[in-house]
Amino acid sequence: MEALITFVLNFIYSSATLALIVLGLAMVFGLLGVMNMAHGEFVMLGAYSAYVVQSLGLNFIWAIPISILVCVIVGWLMEWTIIRHLYNRPFDTLLATWGVAILIRKGIEAIFSRDYKSVDQVMPGTIDILGITYPSYRLILIAIIILLFVTLFAWYQKSKTGLRIRAMVQNPGLASAVGIDTSRLSTVTFIIGVSFAGLAGVLLAPLVRVEPYIGLDYLLSSFFILIVGGLGTLEGLLIGSAVIGGSDALISTIFDKTAGYLSVLLLSILFLWLRPDGIYSRR
Amino acid sequence: MAYTLVVKSLLLAVLILIPFLTNSYFAYQLGLYLLYGMVGQGIALCWGKGGFLPLGQALFFGIGAYISGTILQDSVGWLSVISALILSILIPAFIAGLVGLLVFDRQIGSGPYFSLITLALSLLGYQLANSQVWITGGFNGLTGIGGLPGIDSYGSLYFFIVGALAISTFVLVYLIRTPFGQLLEAVRENEERTQFLGINTSLVKAAAFAISGAIAGLAGAFFAPHQGIVTPQVVGFILSAELVIWAAVGGRFGFIGPIVGAVLIGFLASGLRDSFAYWEVGVALVFILVVLRMPGGISGMVTSLLRRFNIDILSNNVSSRSQIIPKKNNLRKPVLKFDNVSVKVGNVSILDNLSFTIENPGVHCLIGPNGAGKTSALNALTGKLDYNTGNVYWSGKSLKGIRPFRTPKIGIGRKLQVPSIFSNLTVRQNIDIAIWVNRLNIKHLFSVRPYSWGTNLLKDLEESFPFLNKTDVHAGTLSVGQRQMLDFAMTVLAEPDLILLDEPCAGLSKYETEKMILAISKLAKTSKATFIIVEHDMHVVELLSDNVFVMHQGKLLAQGSLEEIRANKEVQVVYAGGSK
Numbered sequence: 001m002e003a004l005i006t007f008v009l010n011f012i013y014s015s016a017t018l019a020l021i022v023l024g025l026a027m028v029f030g031l032l033g034v035m036n037m038a039h040g041e042f043v044m045l046g047a048y049s050a051y052v053v054q055s056l057g058l059n060f061i062w063a064i065p066i067s068i069l070v071c072v073i074v075g076w077l078m079e080w081t082i083i084r085h086l087y088n089r090p091f092d093t094l095l096a097t098w099g100v101a102i103l104i105r106k107g108i109e110a111i112f113s114r115d116y117k118s119v120d121q122v123m124p125g126t127i128d129i130l131g132i133t134y135p136s137y138r139l140i141l142i143a144i145i146i147l148l149f150v151t152l153f154a155w156y157q158k159s160k161t162g163l164r165i166r167a168m169v170q171n172p173g174l175a176s177a178v179g180i181d182t183s184r185l186s187t188v189t190f191i192i193g194v195s196f197a198g199l200a201g202v203l204l205a206p207l208v209r210v211e212p213y214i215g216l217d218y219l220l221s222s223f224f225i226l227i228v229g230g231l232g233t234l235e236g237l238l239i240g241s242a243v244i245g246g247s248d249a250l251i252s253t254i255f256d257k258t259a260g261y262l263s264v265l266l267l268s269i270l271f272l273w274l275r276p277d278g279i280y281s282r283r
Numbered sequence: 001m002a003y004t005l006v007v008k009s010l011l012l013a014v015l016i017l018i019p020f021l022t023n024s025y026f027a028y029q030l031g032l033y034l035l036y037g038m039v040g041q042g043i044a045l046c047w048g049k050g051g052f053l054p055l056g057q058a059l060f061f062g063i064g065a066y067i068s069g070t071i072l073q074d075s076v077g078w079l080s081v082i083s084a085l086i087l088s089i090l091i092p093a094f095i096a097g098l099v100g101l102l103v104f105d106r107q108i109g110s111g112p113y114f115s116l117i118t119l120a121l122s123l124l125g126y127q128l129a130n131s132q133v134w135i136t137g138g139f140n141g142l143t144g145i146g147g148l149p150g151i152d153s154y155g156s157l158y159f160f161i162v163g164a165l166a167i168s169t170f171v172l173v174y175l176i177r178t179p180f181g182q183l184l185e186a187v188r189e190n191e192e193r194t195q196f197l198g199i200n201t202s203l204v205k206a207a208a209f210a211i212s213g214a215i216a217g218l219a220g221a222f223f224a225p226h227q228g229i230v231t232p233q234v235v236g237f238i239l240s241a242e243l244v245i246w247a248a249v250g251g252r253f254g255f256i257g258p259i260v261g262a263v264l265i266g267f268l269a270s271g272l273r274d275s276f277a278y279w280e281v282g283v284a285l286v287f288i289l290v291v292l293r294m295p296g297g298i299s300g301m302v303t304s305l306l307r308r309f310n311i312d313i314l315s316n317n318v319s320s321r322s323q324i325i326p327k328k329n330n331l332r333k334p335v336l337k338f339d340n341v342s343v344k345v346g347n348v349s350i351l352d353n354l355s356f357t358i359e360n361p362g363v364h365c366l367i368g369p370n371g372a373g374k375t376s377a378l379n380a381l382t383g384k385l386d387y388n389t390g391n392v393y394w395s396g397k398s399l400k401g402i403r404p405f406r407t408p409k410i411g412i413g414r415k416l417q418v419p420s421i422f423s424n425l426t427v428r429q430n431i432d433i434a435i436w437v438n439r440l441n442i443k444h445l446f447s448v449r450p451y452s453w454g455t456n457l458l459k460d461l462e463e464s465f466p467f468l469n470k471t472d473v474h475a476g477t478l479s480v481g482q483r484q485m486l487d488f489a490m491t492v493l494a495e496p497d498l499i500l501l502d503e504p505c506a507g508l509s510k511y512e513t514e515k516m517i518l519a520i521s522k523l524a525k526t527s528k529a530t531f532i533i534v535e536h537d538m539h540v541v542e543l544l545s546d547n548v549f550v551m552h553q554g555k556l557l558a559q560g561s562l563e564e565i566r567a568n569k570e571v572q573v574v575y576a577g578g579s580k
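Going down the list, the sequences are from chains L and G.
Residue 153 in the working numbering sits at position 153 of the first sequence, with consecutive numbering throughout.
Residue 106 in the working numbering sits at position 106 of the second sequence, with consecutive numbering throughout.
In short, the hints are calculated from the structure, not lab data.
No residue lacks a Cβ here, since even glycine has one placed at the ideal position from N, Cα and C.
Heads up, none of these hints are tricks.
Reference listing, derived: stretches of chain G covered by chain L, where coverage requires no fewer than 3 residues with Cβ under 8 angstroms from a Cβ of chain L:
no.	segment
1	48-56
2	96-107
3	115-122
4	273-287
Label pairs and their in silico Cβ distance ranges:
no.	chain 1	residue 1	chain 2	residue 2	range
5	G	N424	L	L152	34 to 44 angstroms
6	G	P295	L	F112	30 to 40 angstroms
7	G	P295	L	W76	24 to 34 angstroms
8	L	G179	G	D546	43 to 53 angstroms
9	G	F94	L	L274	21 to 31 angstroms
10	G	Q572	L	W76	56 to 66 angstroms
11	L	L56	G	L292	29 to 39 angstroms
12	G	S509	L	D92	31 to 41 angstroms
13	L	G173	G	L543	32 to 42 angstroms
14	L	K158	G	D546	52 to 62 angstroms
15	G	S156	L	I111	36 to 46 angstroms
16	G	D537	L	S176	26 to 36 angstroms
17	G	V348	L	L152	26 to 36 angstroms
Model the full structure from these sequences, guided by the hints.
In structure tokens form, the structure reads like this:
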């Protein structure tokens with residue numbers, strides 16, 4: 001029973017973190033049609049911001065504004081120099097963002113070296129919950145992510161900017177004709193998307209090994225989630241995260257990490273084959 | 001063609017002479033970069049020619065290296081060397097082909113799915129290479145790999161590598177000149193159109209990917225004896241990314257470019273990597289620049305430079321159409337029947353119990369206001385749109401669930417609403433592909449004979465549209481009217497029994513419209529085919545057809561001669577407004 005509760009909590013925790021990471025990618029891919037191959041690198045930048053903040057002896061909480069600042073600057077630069085010119089050329093965006101991903105990876109590697117960095121636990125304690133003891137940081141993480149999702153969802157549905165974004169996605173030409181600055185809106189959407197990745201990086205940093213190449217794993221698992229869940233709905237995104245996060249955790253526990261990874265990859269190919277539009281699709 | 005042959009022979013001669021001109025260490029290093037260049041050639045085949053980007057190509061290179069390494073560890077006979085080579089080619093080719101089939105069958109175009117799945121596979125390969133110690137030796141790698149029998153790995157092995165490179169270059173250059181290569185480029189230009197010309201495009205792409213896997217495997221097979229050790233890095237994503245960068249910087253549209261890229265960046269990196277910390281960052285910047293500003297890479301720059309001096313190394317000699325292919329026999333029962341076909345998406349009814357039958361060959365027009373479901377009806381007929389209820393029958397057979405690329409085989413030809421041609425291919429190449437529909441089999445796919453095929457219909461069409469004779473012109477430079485005419489010619493060249501023309505006169509001038517109408521009615525008289533023409537221009541309808549179908553809101557509203565349609569009250573209401 002205790003093992004089951006631990007597993008369920010671990011499952012919720014890993015799905016929630018995955019959902020947070022995939023959220024930004026889904027925003028950028030779903031709303032702007034840009035497959036940002038550097039998405040994982042923004043998670044990595046967030047994690048390195050946390051590392052830098054700790055090495056400077058600052059309070060961990062500073063990592064959040066700093067990571068967002070870093071992602072806003074890098075994301076804005078990227079949108080301004082590259083993405084903006086390629087909005088109707090999806091294949092070239094794929095290539096160019098892949099180039100940016102390598103650039104960021106190699107840049108971080110040149111500055112911080114290839115070595116693993118560790119970020120100290122901010123909240124090393126545990127909490128007794130449902131008869132088991134569970135790391136408190138993870139529980140707080142789950143709560144933060146749920147809160148974030150609810151806020152974003154409400155903002156997207158209720159706010160004027162959310163409405164403008166929805167209008168732009170449905171019909172960019174008409175949206176700009178009625179006075180919506182679609183190019184600025186695209187920039188904002190892109191920056192918000194990558195900032196979410198950076199935030200996820202900060203929150204995850206104390207729990208993972210921080211190194212220049214962690215971004216790839218996050219890019220691929222986000223992508224698998226998009227295949228399984230389909231684009232365009234929040235439900236799909238959450239279910240996709242649960243399916244991918246859950247099977248990875250389950251198979252990895254029973255066999256090993258490679259088997260978990262293999263199962264997730266096969267699952268994605270299966271979904272691509274049987275339900276090319278994902279579980280929840282707009283069509 | 002002569003130019004490229006001379007250039008390639010010269011390059012080969014230089015490569016052979018290099019060990020005699022420089023020191024043996026230089027040749028040894030060069031050998032490694034040439035192997036990477038070979039993998040890059042495979043990437044160029046997929047990316048430059050086929051338009052889909054494999055991001056995990058090191059996987060196949062690494063599999064080849066592990067296979068040949070394992071075999072060369074144990075024994076040193078030529079028999080085992082040859083078996084190592086064969087396995088190192090076949091196994092990666094098989095894996096690549098299988099992955100290609102699985103992914104391409106569900107995803108049309110260049111989308112991110114294929115690239116990301118190949119990247120994921122390469123990551124998986126890296127993990128397996130680290131964890132399956134009993135096969136790969138794990139993190140420390142496969143060691144103690146012997147050289148080829150009697151061949152010095154630091155000396156004469158280089159010549160074998162140059163030989164393998166010469167073979168892969170020759171095979172690829174030949175392949176791209178065959179119908180297979182031309183079809184692969186057609187897929188890159190417009191996959192949907194290629195499907196309506198009867199090509200199973202996912203098979204073509206998977207075959208190209210398998211070939212690229214085979215070449216990567218062959219290069220890997222030489223990597224093992226060359227280096228004497230195979231570590232997990234060889235299958236990994238870092239090498240995969242570097243291979244893509246080298247191919248891009250060298251030039252992905254040809255097969256020399258990737259080698260230039262690998263050799264150039266390889267030597268620069270070996271000199272600069274250790275002394276300049278930001279070397280890799282610089283390479284990534286160059287890659288981004290190539291993607292944004294000069295997609296042809298170094299070889300593209302050289303080609304355009306040569307063109308300034310009027311040296312065109314890319315021009316192909318065009319063979320004459322000496323072999324006239326006879327006309328095929330018509331179907332016996334050219335009957336088309338829509339039987340209560342309904343399509344609903346969400347709450348919107350796209351087709352609503354659509355029923356009609358066409359039994360007589362000749363020209364039939366389908367008219368109706370925008371959104372009436374005319375194009376959707378054609379989509380349902382050609383496998384582009386799945387219907388919820390009802391069925392469509394063509395010459396007695398149900399068309400439920402048919403894939404678009406199968407429609408030409410049962411005698412259906414379709415011109416899409418937007419003129420769909422292969423812009424970066426020449427007019428001649430566009431027409432070639434259209435003539436091959438239903439006539440090309442596996443044997444022809446890899447021979448250059450089909451380029452000499454012509455038909456009597458083509459001669460007729462060239463009389464109607466003289467620009468079809470301009471063989472060297474790229475189809476993308478044609479005017480809108482000419483594109484419509486080329487698209488029309490491509491649709492009818494397969495000599496289908498059911499010809500679906502979606503607004504063939506859209507965007508044509510008055511003069512061009514007359515020419516198009518003349519060509520259609522001439523063909524209708526001589527071919528005994530059934531035409532369904534979607535048209536808005538009543539003048540065109542009047543001249544072409546006396547059997548008109550009117551659609552409105554997914555239903556058939558009326559059918560009859562144009563006189564009858566004009567007199568029909570319901571049709572007047574739909575077109576002119578008013579109430580019943």
